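Participant: So you can see what is in the structure, the chains are spelled out below.
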Amino acid sequence: MHIPDGFLSTPVWTSSAVISTAYITFVIKRLKKVLQEKLIPMMGVLGAFIFAAQMFNFPVAGGTSGHLLGGVLAAVVIGPLAGSFVLTTVLVIQCLIFQDGGFTALGANVFNLAIVGTLGGYAVYALLLKLLGGKSAGKTALYICYGIAAWFSVVMASASCSVMLALSKTAPIKIVLPAMVGIHMIIGLGEAVITIFALAAIRHARPDLLERRQAL
Amino acid sequence: MNKKYLLGIMIFCILLGVTASFLASEYPDGLEWVAGQIGFLTAGEGKEAISSPLPDYVFPGIENRFIAGALAAILGTVITFFIALLLGKLIIKRNRTGE
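These protein sequence lines are chains A and B, in that order.
Using the numbering used here, the letters of the first sequence map in sequence onto residues 163 to 378.
Using the numbering used here, the letters of the second sequence map in sequence onto residues 804 to 902.
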C-alpha cells in the first residue's frame with residue numbers, strides 16, 4: 163500500500179507531510195518522557211521483523227498480493243506511540259533505500275500506515291478489549307481482539323489511502339474506495355492471522371512483554 | 804532481552820527476508836492492482852522524487868538476481884534493526900542530559 167510519487171496531488175501530499183511530521187514530533191516528545199529502556203531492543207526487533215515480513219507478499223484472490231502491515235503487532239508489544247514510531251522508521255528506510263513508497267508520498271504513507279494503521283488499529287484493539295472485559299478478558303477474547311483490530315487496521319488504512327487518491331483527483335471515490343477496501347478486507351485476513359501467530363509466539367516466549375498493559 | 808535471544812530472532816528475521824526475496828508473490832499489491840484496474844498506475848511512472856541505492860529490494864550490479872535480492876533483504880533487515888534501536892536510544896538519552 164506504499165503510495166509512489168505521482169499518485170497524489172501537491173496539496174494532498176504536502177498536507178500529509180505536515181500532519182505526519184507534527185505527529186512524529188509529538189510522538190518523540192512523548193516517548194522522551196515515557197519510553198522504557200527495556201522496550202528498546204523490541205523496537206529494533208519489531209522494525210526488523212516488520213521490514214522482512216513486508217517483503218513477503220502472499221497471493222490473494224487471484225491476481226493480487228498482500229503483505230503484513232504490522233501496526234497492531236507493534237502497538238500491542240511496545241505501545242501505540244512507540245509502535246507508530248517503529249512503523250515510521252521502517253517506512254522511511256523503505257522509501258530512502260529501497261524506493262518503496264515515494265519520497266513526496268512519505269508523509270501520506272506514514273499517515274495511512276503508521277497513524278491510521280497503527281494508532282487506529284490499536285484504538286480498535288483497546289476498545290474491543292474493554293468491551294470484552296478489559297483486564298479480566300480471557301485468552302480467547304484477547305486473541306479475538308488482536309485479530310479483529312489487525313483486520314481493521316488494514317481496512318482503515320486502505321480507506322484512508324483511497325480518500326487521499328480521491329482528494330488528489332487521481333481516482334473517483336466511488337470507484338477507488340470500494341475497490342481498495344474490498345481487496346484489503348481479504349488482505350486483512352492475512353494480517354489478522356499473522357498478527358495472532360506473532361503475538362502468540364511472543365506470549366509464549368516472553369509473557370512478561372505483554373503483561374505490562376502500559377499506556378503508551 | 805538477552806543477547807542470544809536477540810540474535811536468534813534477528814536470524815529468523817533475516818531468513819524471513821531472504822525467503823521473501825525468493826518466494827514473495829510477484830502479483831501486484833492491493834494498491835497497484837487497483838491502480839491498474841482503474842487506470843492510474845502510470846501516474847507514478849517516471850515521477851520518482853529521489854533515487855535510491857537498492858530500488859525494488861534488489862542489489863544493483865549483481866548478475867545473479869537471487870543473490871541480489873537476498874543481499875538487499877539482509878541489508879534492509881539488519882539496517883532497520885540498528886536504526887530503530889539507535890533511535891530508541893537517542894530518544895531515551897534525556898535521562899542523562901536532563902529531566
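Keep in mind the hints are simulated off the structure, nothing from the lab.
Computed from a prediction, not measured in an experiment: that's the story for all the values here.
One thing to keep in mind: the hints can contain errors.
As a list, the in silico EDC-like pairs of lysine to aspartate or glutamate whose alpha-carbon atoms are at most 16 Å apart [what the hints assert, rightly or not]:
#, chain 1, residue 1, chain 2, residue 2
1, B, K892, A, D370
2, A, K195, A, D370
3, B, K896, A, E199
Label pairs and their computed distance ranges (CB to CB) [claimed, not checked]:
#, chain 1, residue 1, chain 2, residue 2, range
4, B, Y808, A, P340, 40 to 48 Å
5, B, K892, A, L258, 18 to 26 Å
6, B, S828, A, K331, 45 to 53 Å
7, A, K292, B, E866, 50 to 58 Å
8, B, T822, A, G344, 42 to 50 Å
9, B, E866, A, V196, 22 to 30 Å
10, A, L329, B, I870, 38 to 46 Å
11, B, I870, A, G225, 25 to 33 Å
12, B, G842, A, K292, 40 to 48 Å
13, B, E829, A, R192, 19 to 27 Å
14, B, G811, A, I335, 41 to 49 Å
Beta carbons: idealized from backbone N, C-alpha and C, even for Gly.
Participant: Decide, hint by hint, whether the structure agrees.
Facilitator: Against the structure, the hints:
no., hint, verdict
1, B/K892 - A/D370, "violated, 21 Å"
2, A/K195 - A/D370, "violated, 22 Å"
3, B/K896 - A/E199, "holds, 10 Å"
4, B/Y808 - A/P340: 40 to 48 Å, "holds, 45 Å"
5, B/K892 - A/L258: 18 to 26 Å, "holds, 20 Å"
6, B/S828 - A/K331: 45 to 53 Å, "violated, 31 Å"
7, A/K292 - B/E866: 50 to 58 Å, "holds, 56 Å"
8, B/T822 - A/G344: 42 to 50 Å, "violated, 29 Å"
9, B/E866 - A/V196: 22 to 30 Å, "violated, 49 Å"
10, A/L329 - B/I870: 38 to 46 Å, "holds, 42 Å"
11, B/I870 - A/G225: 25 to 33 Å, "holds, 29 Å"
12, B/G842 - A/K292: 40 to 48 Å, "holds, 43 Å"
13, B/E829 - A/R192: 19 to 27 Å, "violated, 41 Å"
14, B/G811 - A/I335: 41 to 49 Å, "holds, 47 Å"
Going down the numbered hints, you'll see the structure goes against 1, 2, 6, 8, 9, 13, while the others check out.
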